[in-house]
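A.B. asks: Start from the sequences and build out the full structure, keeping to the hints where you can.
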Amino acid sequence: GNSVTQMEGPVTLSEEAFLTINCTYTATGYPSLFWYVQYPGEGLQLLLKATKADDKGSNKGFEATYRKETTSFHLEKGSVQVSDSAVYFCALILIKAAGNKLTFGGGTRVLVKP
Amino acid sequence: DGGITQSPKYLFRKEGQNVTLSCEQNLNHDAMYWYRQDPGQGLRLIYYSQIVNDFQKGDIAEGYSVSREKKESFPLTVTSAQKNPTAFYLCASSIRLNTGELFFGEGSRLTVL
Chain X
18 GNSVTQMEGP VTLSEEAFLT INCTYTATGY PSLFWYVQYP GEGLQLLLKA
68 TKADDKGSNK GFEATYRKET TSFHLEKGSV QVSDSAVYFC ALILIKAAGN
118 KLTFGGGTRV LVKP
Chain Y
18 DGGITQSPKY LFRKEGQNVT LSCEQNLNHD AMYWYRQDPG QGLRLIYYSQ
68 IVNDFQKGDI AEGYSVSREK KESFPLTVTS AQKNPTAFYL CASSIRLNTG
118 ELFFGEGSRL TVL
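One line per chain: the protein sequences are X and Y, in this order. Following the working numbering, the numbering of the first sequence begins with 18 at its first residue and continues without gaps. Following the working numbering, the numbering of the second sequence begins with 18 at its first residue and continues without gaps.
There could be a bad hint or two in this list.
As the list claims (entries may be wrong) - Calculated Cβ distances over 12 angstroms to all of chain X for the following chain Y residues:
#1 K31
#2 E32
#3 S39
#4 G59
#5 S90
#6 K100
#7 N115
#8 G124
Unchecked claim - Calculated from the model, a selection of chain Y residues having no Cβ within reach of chain X, i.e. all distances over 10 angstroms:
#9 N45
#10 Q58
#11 S97
#12 I112
Said to hold, decoys possible - Interface residues of chain Y toward chain X, partial, derived using beta-carbon atoms under 8 angstroms:
#13 Y27
#14 L28
#15 P56
#16 L60
#17 L62
#18 I68
#19 D71
#20 F121
#21 G122
#22 E123
Hint data in this document are derived by calculation from the structure and do not stem from the laboratory. Ideal Cβ positions, reconstructed from N, Cα and C, are used throughout, including at glycine.
C.D. replies: Rendered as C-alpha cells:
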C-alpha cells in the first residue's frame, strides 16, 4: 500500500532559522506529492505540490523538491517567522489510479520562538 | 466568498447521544470528505462522497454515518456506537475525487462528557 512518513515533532526553532521537515513515501506507482499546513485551531490549507520527479513546489518562502531516487519530498524554508508555527502534513496521491484519495503523513508540529 | 463551512465549531455531548456535524460548500465541488484528527496524530478518513446520493466508507467508518442528498451538503452523524468520539473533525471538498487538492473547513471539535 501507499504510505507517508514524516519526522516526528515538535520542531522548535528561533525566528530566522532554517527549517527542514523530512518526508519520505512508499507508493505502488508514481504519485503526486503535497504539503499541507494547519495553523492552530484551523483546517488544513494546501501549501505546495509537485506532480512529477524533479519538480519543485514553492509557496510563501517554502520549497520542496520531488526526489524519485530517494522517494522524498522534504519541506524547507530559509528563514522562518513566528507566524510559521503550525502543523505541516506531507501527502501523496496516485492520480492515475481510479478512485484514489490522499494519503497523509502523521504531521510535524513546528514552533517558532521570537 | 467560496469555501467550506462547518458547524458547530465546538460541541459537547453526553455518552449515548448521537450528534450531527454540518458541512456545507459553495465551491461547486463534486467530492466531499470527512476526516478525524486526534491530538498529535494525522488525519484518518471516515467517509467520502464522489457524487450526490453516493458515498463510501473510509478507513474508520464504524460508528459514523453520512448522507449526500445535495451537492453542497455532507453532514456527518457520530452515533452512540462510536466508542471514542472525542476528536477534531474536518470536512473537505475537491473538484473531483481523484485529486490531491482538497479544500478544508475550519473543523468541529467534539467532546464527549
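A.B. asks: It remains to establish, for every hint, whether it holds in the given structure.
C.D. replies: Against the structure, the hints come out as follows:
Taking the minimum C-beta to C-beta distance to chain X, about 24 angstroms, the non-interface status of K31(Y) holds against the 12 angstroms cut. Here E32(Y) stays apart from chain X, with its beta-carbon at least about 26 angstroms from theirs, past the 12 angstroms limit. The Cβ of S39(Y) sits about 14 angstroms from the closest Cβ of chain X, beyond the 12 angstroms cut-off, so the non-interface label holds. Its beta-carbon lying about 4 angstroms from the closest one in chain X, G59(Y) breaks the requirement of being farther than 12 angstroms from that chain.
No Cβ of chain X approaches the Cβ of S90(Y) within 12 angstroms, the least distance being about 17 angstroms, so the stated non-interface status holds. Chain X leaves K100(Y) outside its interface by the beta-carbon criterion, the shortest separation being 22 angstroms against a cut-off of 12 angstroms. With a least CB separation of 6 angstroms from chain X, N115(Y) falls inside the 12 angstroms interface cut-off, contrary to its annotation. Under the 12 angstroms C-beta cut-off, the non-interface status given to G124(Y) relative to chain X is violated; the minimum distance is some 5 angstroms.
For N45(Y), the requirement that its beta carbon stay farther than 10 angstroms from each beta carbon of chain X is met, with the minimum near 18 angstroms. Residue-level check failed: Q58(Y) sits 6 angstroms from the nearest beta carbon of chain X, not beyond 10 angstroms. With a cut of 10 angstroms on Cβ distances, S97(Y) stays outside the contact zone with chain X, its closest approach being about 26 angstroms. The Cβ of I112(Y) lies farther than 10 angstroms from every Cβ of chain X, with a closest approach of about 13 angstroms, so its non-interface assignment holds.
The closest approach between the C-beta of Y27(Y) and any C-beta of chain X is roughly 10 angstroms, which is over the 8 angstroms cut-off, so the hint fails. Here the hint on L28(Y) is broken, as its CB sits about 15 angstroms from the closest CB of chain X, past 8 angstroms. Taken as an interface hint, P56(Y) does not check out: its beta carbon lies about 10 angstroms from the nearest beta carbon of chain X, beyond 8 angstroms. The beta carbon of L60(Y) comes within 5 angstroms of a beta carbon in chain X, closer than 8 angstroms, and the hint placing it at the interface holds.
A hinted interface residue such as L62(Y) counts as satisfied when its beta carbon comes closer than 8 angstroms to some beta carbon of chain X; here the least separation is about 7 angstroms, so the hint holds. The restraint placing I68(Y) at the interface with chain X is violated, with a minimum CB-CB distance near 12 angstroms, outside the 8 angstroms limit. With a least beta-carbon distance of about 12 angstroms to chain X, the hint placing D71(Y) at the interface is violated under the 8 angstroms criterion. Given hint, F121(Y) at the interface with chain X, holds; its Cβ is 3 angstroms from that chain's nearest Cβ, closer than 8 angstroms.
Taking 8 angstroms as the C-beta contact cut-off toward chain X, the hint placing G122(Y) at the interface holds, the least distance being around 5 angstroms. Because the beta carbon of E123(Y) sits about 5 angstroms from the nearest beta carbon in chain X, less than 8 angstroms, this interface hint is met.
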